[in-house]
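Quick note, the sequences are listed as chains A and B, same order. Just add 9 to the spot in the first sequence (first one is 1) and you have this note's numbering. Just add 3 to the spot in the second sequence (first one is 1) and you have this note's numbering.
Possibly wrong hints are sitting among the right ones.
In the SDA-like style, the derived pairs of lysine to any residue whose C-alpha atoms are separated by at most 20 angstroms in a straight line are [as the list claims (entries may be wrong)]: (1) B/Lys209 / B/Tyr115; (2) B/Lys193 / A/Tyr251; (3) B/Lys193 / A/Pro60; (4) B/Lys193 / B/Arg102; (5) B/Lys42 / B/Phe78; (6) B/Lys73 / B/Gln34; (7) A/Lys254 / B/Lys193; (8) A/Lys254 / B/Gln156; (9) A/Lys254 / B/Val173; (10) B/Lys193 / A/Glu55; (11) B/Lys209 / A/Leu142; (12) B/Lys130 / A/Leu113; (13) B/Lys130 / A/Tyr251; (14) A/Lys254 / B/Phe78.
Think of the hints as simulated: they come from the structure by calculation, not from any bench.
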Amino acid sequence: MTPKAMWEVPSKPSDSRSRCHAATLRGCVVLAVALVAGCAMGPSREDPFEPSNRVMYQVSDAIDTAVVKPVAQAYVDVVPQPIRAGVSNFFNNIDDMVSAVNDLLQGKLDKLGDDLGRVVLNTGFGLGGIFDLASMIGIERGNEDFGQTFGVWGFPQGPYLYVPLFGPTTVRDGTGTVVRIAVGGPVGYIPNVAVRNSLYGIGAVDLRAQALETSSMIDTAALDRYLFIRNAYLQRRRYLLYDGKPPPEPEEP
Amino acid sequence: MRKFDSVARLRAAAVLLLTSALCAAAPAFAQEAPDAIVKRVASDVLATIKADPAIQAGNEARIREVLEVKLLPNFDFARMTALAMGRNWQAATPEQQKRVTDEFRALLVRTYSGALNNYRNETIDYKPLRMSPADTDVTVRTLVVRATGSPVQIDYSMGKQGDTWKCYDVIVGGVSLVTNYRDEFNNQVKAGGVDGLIKTLADRNKGVAAK
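Excised from the complex, chain B in its bound form (with noise of 0.2 angstroms):
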């Protein structure tokens, strides 16, 4: 009889669990969540990778554009290329504004494809994410485990854009890719300008090695 009465609490107990879960779910029905856009996003990238013959061979072209479909559109790049401006990106013209954020992003491009080159079987694990409904900033949390070597925490700064987030930075083992960036950008703005700045960038691109 105790035996059937713990069995029987128990499920009572599943019960009110799940429903408290479907409840607490319910309004991300109406709205994707932001750690849920993040393991999303990484699932279908990294199952792509895998999957694509022609990446595991090293066309870097096509890993590009797999992350030109799946990968960016979940990227506010402009609010990424103000940040790493500061001060900078509002004495710039909204031109010199779209100059240096197209730039920027493929920069970015490049050096992501660069190291998804080296993707061999890390595993994601995604840390629980506590927000609130209000909430219009967060941080999703990663942690990236390697077949060697220390797992690396990868963590992404999202922010609320009507009924969607935009990651705006990325920080990996503590290193904020945006912040990273700031330095870099205001001593080519102060050698140069903002022109200068889009210049250099330019040029990486075109593959000019860095001093």
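Here chain A stands alone, though its shape is the one from the complex (with noise of 0.2 angstroms):
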């Protein structure tokens, strides 16, 4: 949930499990303005809506230390780290699965035979992706999602935009998400809505835990955490979207 920058969390770049929509349809429509705005504004070019934004970072903070962030507390106090981890790993499985999908419509072979390779091993001797075997024999995750795959086919990453209750994203990352929610995966299929909805908020209170330790860096690192949060969110995405190789960026004029 938030603020989750991916400063030291690198499996969840933009968020599959939490949910978010409205800002994301506000941000398609404005975003042929704003790319020509953009270009004159210099330094916040990919930040033009970054007054709303902070408001929407305050409102979403505010609902993080009063709700989320207890709640992600209290589960990491009290569940025993073996049991989460296995809750973490359940959920990245699910993941792994979405990677499969996206390699292969990014034509990345080779990913994709790591990611169904994955699959395959944790679901099967994993107890369902319980047990990580894939990570223990050094099979590396993929990593991709629909918004890496909308960078590949060249859409632009559009404005970043800052969405209470989900964190950072851009027009392309949430459209990503939006895909992505769509989509569906294996907890959807589960017939009992008691089960199911309980396992969506396992998830997201997961999401949240794994980033607290991050979050307390940020409270200690940020002169200025809407921007240290930006910052770190639009980099780790774009050395995801080139798979961890990206090119220098162009100097500031």
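These two chains come separately, so use the hints to put the complex back together.
This is how it looks when you write it as structure tokens:
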């Protein structure tokens, strides 16, 4: 949930498990205008909506401090580490399936092999993904998502957006998340509504819990947390888009 | 006979390999390679932290002491600060440059010692470094494997200074520390000049919360 700059949590860039939406649609509508206007705006060309994004960030931060963070902290305090690791692995395994789909959409066949291998191994021998056997033998996660696929296909990043309870995104990544939600996943096929919703809830808490150390680091390091999170998010996404080998950024004039 | 042959050939190959490895390593004796520095310093700091009961009990002052002695001499904080400030670095007086550097250094040390407080049995894989003897700027790549969660790639940008190498940027999972501060520093200078930046950094170091 939020704030979750990607500083130290590489596995979950644009979070497949959270939900957001309206802002993305609004973003699409104004995308063209913003891209034109953005060119003249110098340093904040990636964030033309900074004033409203900052308000969203404040709202989000207040909810996080009051509710989300305490819940995540309680989860870490109460649930033993091996069980939490199993929960993370279970949801990561689902993300690996999504990653495999995106490997295919991007034509990255070597990554596709790795991700499919991971899913088969972890689902079959790792008790439905609770144990990450694939990582133990060194098969790295593909970490692909729909936002990156759109980037590979040449869609522009679009303005940066901060969505309450969801966190940092861009028009491109947010659109990817909408697609991800539409595609669904194995949890969506669980017929019992209570079980299904509990799993979604646990998934969300797990994400925020994984970001606890990162968010406390940001509290120490940042002069302006909004900017710190924005810059870390955009750097991280760029790095993922280029599979860990981003070209040097053009120098600012 | 065939079997003996292959054993002998293996031995010859091993001797050759060893000799060439020694030849390749010879210049490194005169001057420690950047990846060797990263590996030595990281192993040393982490081993010290693991072995120190005060640190294990959560004593942050002691962590800072260890960092001060073992880690920080390998960083070029003036260069980091100059990169984070961009054009504003040139516009600042030498006195201002020194004060920003000192405050930025203190902020990074506070952050880093807090992060090390959470250190639990991570292991570090060092990726092989390809460099030519003439290089003066290299990136040493490492992968930190954690008990839970995915591995994190941490890269160190190293610049040559005389006979040794100093780190001027740390890139965690693709996020460059120096780049990340650029907008923040720029905004501070725009709002309150270089002295405004110094004041904000100093306030943060005194524990005043960020906005």
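These are the hints, each one checked on the structure:
1. At roughly 16 angstroms between alpha-carbon atoms, B/Lys209 and B/Tyr115 fall within 20 angstroms of each other, so this suggested pair holds.
2. A threshold of 20 angstroms between alpha carbons decides the hint, and for B/Lys193 with A/Tyr251 the separation of about 33 angstroms lies outside it, so the pair is violated.
3. With a C-alpha separation of about 17 angstroms, the suggested pairing of B/Lys193 with A/Pro60 holds against the 20 angstroms cut-off.
4. The hinted pair formed by B/Lys193 and B/Arg102 meets the criterion: a straight-line CA distance of about 18 angstroms does not exceed 20 angstroms.
5. Using a Cα cut-off of 20 angstroms, the hinted pair B/Lys42 and B/Phe78 holds, with the two alpha carbons roughly 14 angstroms apart.
6. For the proposed pair B/Lys73 and B/Gln34, the alpha carbon gap of about 19 angstroms is at most 20 angstroms, so the pair holds.
7. Straight-line distance between C-alpha atoms of A/Lys254 and B/Lys193 comes to about 32 angstroms, which puts the hinted pair past the 20 angstroms bound.
8. For the suggested pair A/Lys254 and B/Gln156, the alpha carbons sit about 12 angstroms apart, so the restraint of at most 20 angstroms is met.
9. Under the criterion of a C-alpha separation no larger than 20 angstroms, the hint pairing A/Lys254 with B/Val173 is consistent with the structure, at around 15 angstroms.
10. This hinted pair checks out: B/Lys193 and A/Glu55 have alpha carbons roughly 19 angstroms apart, not beyond 20 angstroms.
11. Taking the CA atoms of B/Lys209 and A/Leu142, the gap is near 45 angstroms; set against the 20 angstroms cutoff, the hint is violated.
12. At most 20 angstroms may separate the alpha-carbon atoms for a hinted pair to count; B/Lys130 and A/Leu113 exceed this at roughly 28 angstroms.
13. Between B/Lys130 and A/Tyr251, the direct Cα distance comes to roughly 19 angstroms. Compliance with the 20 angstroms bound is thereby established for this hinted pair.
14. Between the alpha carbons of A/Lys254 and B/Phe78 the distance comes to roughly 24 angstroms, so the proposed pair goes past 20 angstroms and is violated.
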